[in-house]
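Required output: the full structure, derived from the provided sequences and hints.
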Amino acid sequence: MSNYTDKIREISERLLKEGRVDMVIGFKQGTMPMMNEPCFVKKPEDVSKLVWDSHCGINLANYLTDRKEKIGVIAKGCDSRNIVTHIIENKIKREQLVIIGVPCKGMIDRRKIASMSDAEILSVAEQNGKVIVKTKDAEKRYERTDLLQKNCALCVHRNPVIYDELAADLVEEQKNVDRYADIREIEAMPPDEKWHLFDDLFSACIRCYACRNACPLCYCPTCFVDESRPQWVGKSTDPIDTKTFHFLRAYHCAGRCTDCGACERACPVGINMRLLTRKLEKDCFESFGWEAGLSLDQRPPLDVYKTNDPEDFIK
Amino acid sequence: MGIEPDRLHFSWISSAESTKFVEVVTGVTEAVRALGPHQKFVKTNVKVA
Amino acid sequence: MQNPYLPYPVRIDSIITETEDRNLKTFRFVFLNPDDEKKFAYQSGQFAELSVTGKGEIPIGIASSPTEKGFVTFTVNKVGLVSSYLHSMKVGDIMGIRGPMGHPYPWDVLKGKNVVIIGGGFAFTTLRSSIIYMLHPENRSKFKDIHVIYGARTPGMLLYKNELAAWEKRDDIRMNITVDGTKDPDWKYNVGFVPTITEKKAPNADKDTYSIICGPPIMIKFTQPVLDKLGYAHDHIIMSLENRMKCGIGMCGRCNVGKDFVCKDGPVFTLSQLETMPQEY
Amino acid sequence: MKVIKIDKKDWAGGLDKASSGYRFFGPVEDKECHNFKELDKGELPDFNFSNTRLSAKSVVFPQTEAMFEYSLDENEADHHLMKECRKNDAPRAVLGIRPCDASAFLLVKRNFDNPEYRDPWWVKAYESTTFAGLACNNPCASCFCTSAGCGPFDEKGLDVLLVDAGDHFLAKVVTEKGRKMLAAAGWNAETDADIEALKKDAESKISSFVPTDKLKDKTTMELYNAAFWEEAAFACLNCGTCTYSCPTCWCFDIQDESKGKSGIRMRNWDSCMYPLFTLHGSGHNPRGTKIHRVRQRFMHKLKYYVDKYGDGIQCVGCGRCIRLCPVNIDIRKICEKMNSYEPKAGDCNR
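Chains as they are written, first to last, in my numbering: chain W, 113 to 427; chain A, 142 to 190; chain Z, 8 to 288; chain L, 31 to 380.
Among the clues, some could well be false.
Unchecked claim - Straight-line distance between alpha carbons at most 25 Å, and here's what the computed SDA-like set of lysine to any residue pairs gives:
| hint | chain 1 | residue 1 | chain 2 | residue 2 |
| --- | --- | --- | --- | --- |
| 1 | L | 291 | L | 106 |
| 2 | W | 287 | W | 387 |
| 3 | Z | 228 | L | 319 |
| 4 | L | 374 | Z | 171 |
| 5 | A | 184 | L | 103 |
| 6 | L | 67 | A | 185 |
| 7 | L | 289 | L | 101 |
| 8 | W | 394 | A | 144 |
| 9 | Z | 208 | Z | 187 |
| 10 | L | 244 | W | 143 |
| 11 | L | 363 | L | 261 |
| 12 | W | 394 | A | 150 |
| 13 | W | 427 | W | 363 |
| 14 | L | 186 | L | 101 |
| 15 | W | 262 | L | 61 |
| 16 | W | 140 | L | 239 |
| 17 | A | 184 | L | 292 |
| 18 | W | 394 | W | 200 |
| 19 | Z | 120 | Z | 281 |
| 20 | Z | 190 | Z | 171 |
| 21 | W | 161 | L | 321 |
| 22 | W | 154 | W | 117 |
| 23 | L | 113 | Z | 39 |
| 24 | Z | 97 | L | 103 |
| 25 | W | 287 | W | 266 |
| 26 | W | 262 | W | 228 |
| 27 | W | 155 | W | 266 |
| 28 | L | 374 | W | 158 |
| 29 | L | 320 | W | 228 |
| 30 | W | 248 | L | 238 |
Keep in mind that the hints were calculated from the coordinates and are not lab data.
Now the structure itself:
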């Protein structure tokens with residue numbers, strides 16, 4: 113991974129020196145194991161701040177919304193797809209961006225590592241496909257492929273779909289991934305069982321909105337949960353309001369979600385809200401053959417009407 | 142979402158299709174009545190401390 | 008323990024539509040329990056939370072004066088959920104008021120001084136309260152000259168028109184009413200923005216002259232240099248801030264400007280105080 | 031102060047005995063983390079945790095709390111009048127609260143219980159609660175309690191300090207309230223066991239130190255105008271995780287919610303991270319940008335509170351905001367920046 117970092121710094125320095133961008137948005141080393149902090153670099157001499165490793169799971173498209181500068185942005189496969197969506201939705205202009213593509217082998221699931229250890233994790237490092245996890249009294253090694261974030265394990269677009277520079281050679285895409293096994297199980301449940309599943313799924317939610325705010329799609333100036341005239345959703349921790357928030361948010365992302373996993377990664381209480389977003393992703397794929405953010409030339413399916421749109425639900 | 146399939150109906154009815162309209166409305170009413178009152182997205186009163 | 012969140016029940020006693028755009032109404036409330044009126048002892052410059060059951064609360068400056076007994080009045084601009092609903096309510100309806108809250112204008116300091124009141128638009132409410140208070144026969148002798156500069160966009164947007172006319176006729180208060188512009192050929196007062204009229208009509212500063220200024224941010228922004236030009240010291244310029252509020256008693260945490268809460272430590276601040284605080288209002 | 035030895039085999043029995051006089055709250059594991067909840071009869075708190083995911087503040091200050099109830103039905107005599115909701119003020123005890131979380135209540139108390147106003151719900155809940163804290167034998171790497179006027183064995187927010195000593199607890203009686211609870215449980219075996227050594231050992235394990243000594247020397251405007259805020263705020267998502275997980279954050283919102291002809295006025299936690307928090311009806315927002323909001327949070331905790339009460343920062347060093355922040359904004363780093371800040375000519379004004 114250190115060669116990724118070197119290359120990113122080299123490209124960023126060049127872009128800043130040549131004045132092609134006003135700032136580069138990337139990651140800097142975090143203060144906690146498995147955490148990096150999104151940051152900007154405006155001066156060529158500061159590019160040494162930038163790092164790249166398996167803990168860059170936050171979606172940087174989130175930091176582009178409505179910005180006016182010329183920006184160099186570091187983009188994994190999912191980030192690049194959200195950048196495409198941002199461009200289509202007029203949240204940033206293609207001309208403003210120099211996209212530094214990072215072919216990605218998946219991010220590491222910090223929750224999974226934390227849950228495997230009773231003791232506090234003090235550091236996590238990588239060596240030849242192995243992840244070395246250190247606690248106060250022990251050091252354990254794991255296969256990197258066993259520790260991927262759930263969305264990364266299912267990812268079929270690891271390479272950036274749009275880029276101006278590349279920080280490494282393209283990687284091989286994962287083949288024969290069954291993205292929706294768990295969704296099919298839920299689809300098969302009777303209504304009551306589904307309802308109980310969602311009750312349980314969202315019971316820990318504290319309505320902090322980290323999922324919404326980490327999501328590059330959630331840029332509405334006033335979110336529906338904040339509307340007061342009329343008020344759509346109650347503000348309390350009532351489970352109905354909580355579920356309404358999650359369901360509606362998922363619907364707002366239908367046909368736009370790239371399954372970047374930022375929502376789940378950001379959640380302080382570990383809610384698997386991707387169960388909702390992936391169901392809609394699956395529907396969009398099955399009904400319209402659509403995957404979000406692959407091309408600048410196509411409008412998202414819920415944005416267009418076609419005579420062959422499926423309508424078997426209409427009686 | 143846990144909502145019974147029969148509780149939600151979609152239909153195209155032209156303003157000229159009065160018979161179809163009656164059929165659909167009757168059908169929807171019967172289907173929903175058969176399911177009984179909806180319990181799931183109903184907020185009774187806020188459960189609070 | 009007195010519950011500071013519990014509103015006193017009141018009945019709407021009268022409603023007056025003040026302005027031609029019908030967005031400002033003055034509500035007069037009578038306390039359902041006469042004892043509550045005593046508990047609601049206030050001074051000019053304070054505000055209260057108007058509580059509309061089922062909708063919520065809004066902080067509004069008290070427009071009546073402590074010298075007026077038997078009722079309290081508030082002039083409310085229709086902007087949000089609660090104020091819009093309030094505008095649809097009728098005489099006789101029951102609601103609540105909670106307060107009084109915040110600090111009044113510094114009446115101890117103002118005693119024996121010239122007072123220059125500068126107001127714009129619908130921010131004239133607590134200034135109206137102050138004028139009524141100072142003009143009360145028991146109080147008038149406590150103050151020296153009273154100047155008022157009050158402006159609105161048009162004659163129809165002025166608040167308290169009858170009272171303005173009555174004050175114009177008195178010789179113990181110098182009124183300078185102005186409008187930004189008017190097509191009314193009979194308009195007999197000033198035309199011009201508040202800062203311009205202030206420059207022409209406000210008295211020069213001295214250590215015994217204080218100004219109280221309330222109005223939209225743009226008016227304050229342009230009036231301040233005028234007062235500087237006239238030589239007003241910044242601790243002689245008194246302002247009243249507004250911020251979003253919920254509790255009104257310094258607990259809910261949103262209305263702070265620096266370490267001070269607008270609700271509990273304000274809303275009245277001098278300009279010299281404000282200069283040491285972040286401009287988060 | 032007395033120290034009582036509680037054999038762990040007497041633990042469940044004692045709690046059962048005391049449960050007639052107390053509602054117990056304690057840490058319980060749910061899904062991937064521990065959190066405080068009211069314990070069912072016979073349910074034991076689970077002390078196999080470093081700290082709970084969320085703080086214990088909700089025991090006294092629930093995320094959603096009913097304040098008043100009302101009727102909109104004009105046929106009823108008291109229609110449109112607010113009536114205080116009845117609350118259960120029976121004595122309660124929080125078991126296993128960490129010293130940091132307990133001392134947080136003392137910081138919050140200054141807000142809810144002051145010479146001018148007393149918040150009835152917070153004050154009653156607080157006063158009816160006995161805090162039986164559990165000393166931290168193994169603090170986390172992200173804990174910096176000793177820098178925040180607290181510590182792994184800190185007693186000041188507690189009525190009883192429990193120390194896990196293997197097959198038994200050592201219970202140090204801190205207040206009369208604490209003594210009563212121990213007595214109610216029938217634990218009375220006094221011991222002269224020394225907990226000082228354990229305390230020193232735990233304190234020596236704290237590896238994070240954050241200087242706060244110079245915060246009070248700077249003016250509000252110097253820090254407010256400091257150049258580092260843009261960079262510090264960049265990554266922030268403006269979610270409320272830091273504030274909701276924080277034991278010392280108390281901001282709330284008040285809302286009416288009606289169903290048919292009746293309803294309640296309630297309060298819910300709110301957060302300075304949200305734009306709506308300060309939005310005026312006119313559309314103007316005094317803290318309209320992310321930089322404003324991030325700065326507000328840190329200035330409140332590390333400057334405004336320091337100046338207002340003159341007794342340290344509004345933080346107990348529990349480290350939750352650091353561990354839970356999705357983008358790794360670290361209060362320790364910001365505090366260092368503020369503490370060491372020297373104003374420079376050319377910093378932006380306001």
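How the hints compare with the structure:
Straight-line distance between C-alpha atoms of residue 291 of chain L and residue 106 of chain L comes to about 10 Å, which keeps the hinted pair within the 25 Å bound. Straight-line distance between C-alpha atoms of residue 287 of chain W and residue 387 of chain W comes to about 22 Å, which keeps the hinted pair within the 25 Å bound. For a cut-off of 25 Å, the pair hint linking residue 228 of chain Z to residue 319 of chain L stands: about 21 Å separates their Cα positions. In summary, the hint linking residue 374 of chain L to residue 171 of chain Z is not supported, as the alpha carbons are separated by about 51 Å, beyond the 25 Å threshold.
Taking the CA atoms of residue 184 of chain A and residue 103 of chain L, the gap is near 20 Å; set against the 25 Å cutoff, the hint holds. Straight-line distance between C-alpha atoms of residue 67 of chain L and residue 185 of chain A comes to about 23 Å, which keeps the hinted pair within the 25 Å bound. Of the supplied pair hints, the one linking residue 289 of chain L and residue 101 of chain L holds, its CA atoms being roughly 10 Å apart against a limit of 25 Å. At most 25 Å may separate the alpha-carbon atoms for a hinted pair to count; residue 394 of chain W and residue 144 of chain A meet this at roughly 19 Å.
With a CA separation close to 16 Å, the supplied pair residue 208 of chain Z and residue 187 of chain Z stays within the 25 Å bound. Distance restraint check for residue 244 of chain L and residue 143 of chain W: the Cα-Cα separation of roughly 23 Å lies within the 25 Å cut-off, and the hinted pair is therefore satisfied. A threshold of 25 Å between alpha carbons decides the hint, and for residue 363 of chain L with residue 261 of chain L the separation of about 12 Å falls inside it, so the pair holds. Proximity of residue 394 of chain W to residue 150 of chain A is assessed by CA-CA distance (about 22 Å); at most 25 Å being required, the pair is judged to hold.
Restraint check for residue 427 of chain W and residue 363 of chain W: the C-alpha separation of about 23 Å stays at or below 25 Å, so the hint holds. Of the supplied pair hints, the one linking residue 186 of chain L and residue 101 of chain L is violated, its CA atoms being roughly 43 Å apart against a limit of 25 Å. For the hint pairing residue 262 of chain W with residue 61 of chain L, the CA-to-CA distance comes to about 17 Å; that is within 25 Å, so the pair holds. With a CA separation close to 22 Å, the supplied pair residue 140 of chain W and residue 239 of chain L stays within the 25 Å bound.
For the proposed pair residue 184 of chain A and residue 292 of chain L, the alpha carbon gap of about 13 Å is at most 25 Å, so the pair holds. This hinted pair checks out: residue 394 of chain W and residue 200 of chain W have alpha carbons roughly 21 Å apart, not beyond 25 Å. A C-alpha spacing of about 22 Å is found between residue 120 of chain Z and residue 281 of chain Z, which places the hinted pair at or below 25 Å, so the restraint holds. Restraint check: the Cα-Cα separation between residue 190 of chain Z and residue 171 of chain Z comes to about 20 Å, which is no more than 25 Å; the hinted pair holds.
A distance of roughly 21 Å separates the Cα atoms of residue 161 of chain W and residue 321 of chain L; the hinted pair therefore holds under the 25 Å criterion. Restraint check: the Cα-Cα separation between residue 154 of chain W and residue 117 of chain W comes to about 17 Å, which is no more than 25 Å; the hinted pair holds. The hinted pair formed by residue 113 of chain L and residue 39 of chain Z meets the criterion: a straight-line CA distance of about 15 Å does not exceed 25 Å. Restraint check for residue 97 of chain Z and residue 103 of chain L: the C-alpha separation of about 16 Å stays at or below 25 Å, so the hint holds.
For a cut-off of 25 Å, the pair hint linking residue 287 of chain W to residue 266 of chain W stands: about 10 Å separates their Cα positions. Between residue 262 of chain W and residue 228 of chain W the CA atoms are separated by roughly 15 Å; this keeps the pair inside 25 Å, and the hint holds. Between residue 155 of chain W and residue 266 of chain W, the direct Cα distance comes to roughly 37 Å. Violation of the 25 Å bound is thereby established for this hinted pair. In summary, the hint linking residue 374 of chain L to residue 158 of chain W is supported, as the alpha carbons are separated by about 20 Å, within the 25 Å threshold.
Restraint check for residue 320 of chain L and residue 228 of chain W: not satisfied, since their Cα atoms lie roughly 36 Å apart, outside the 25 Å limit. A distance of roughly 15 Å separates the Cα atoms of residue 248 of chain W and residue 238 of chain L; the hinted pair therefore holds under the 25 Å criterion.
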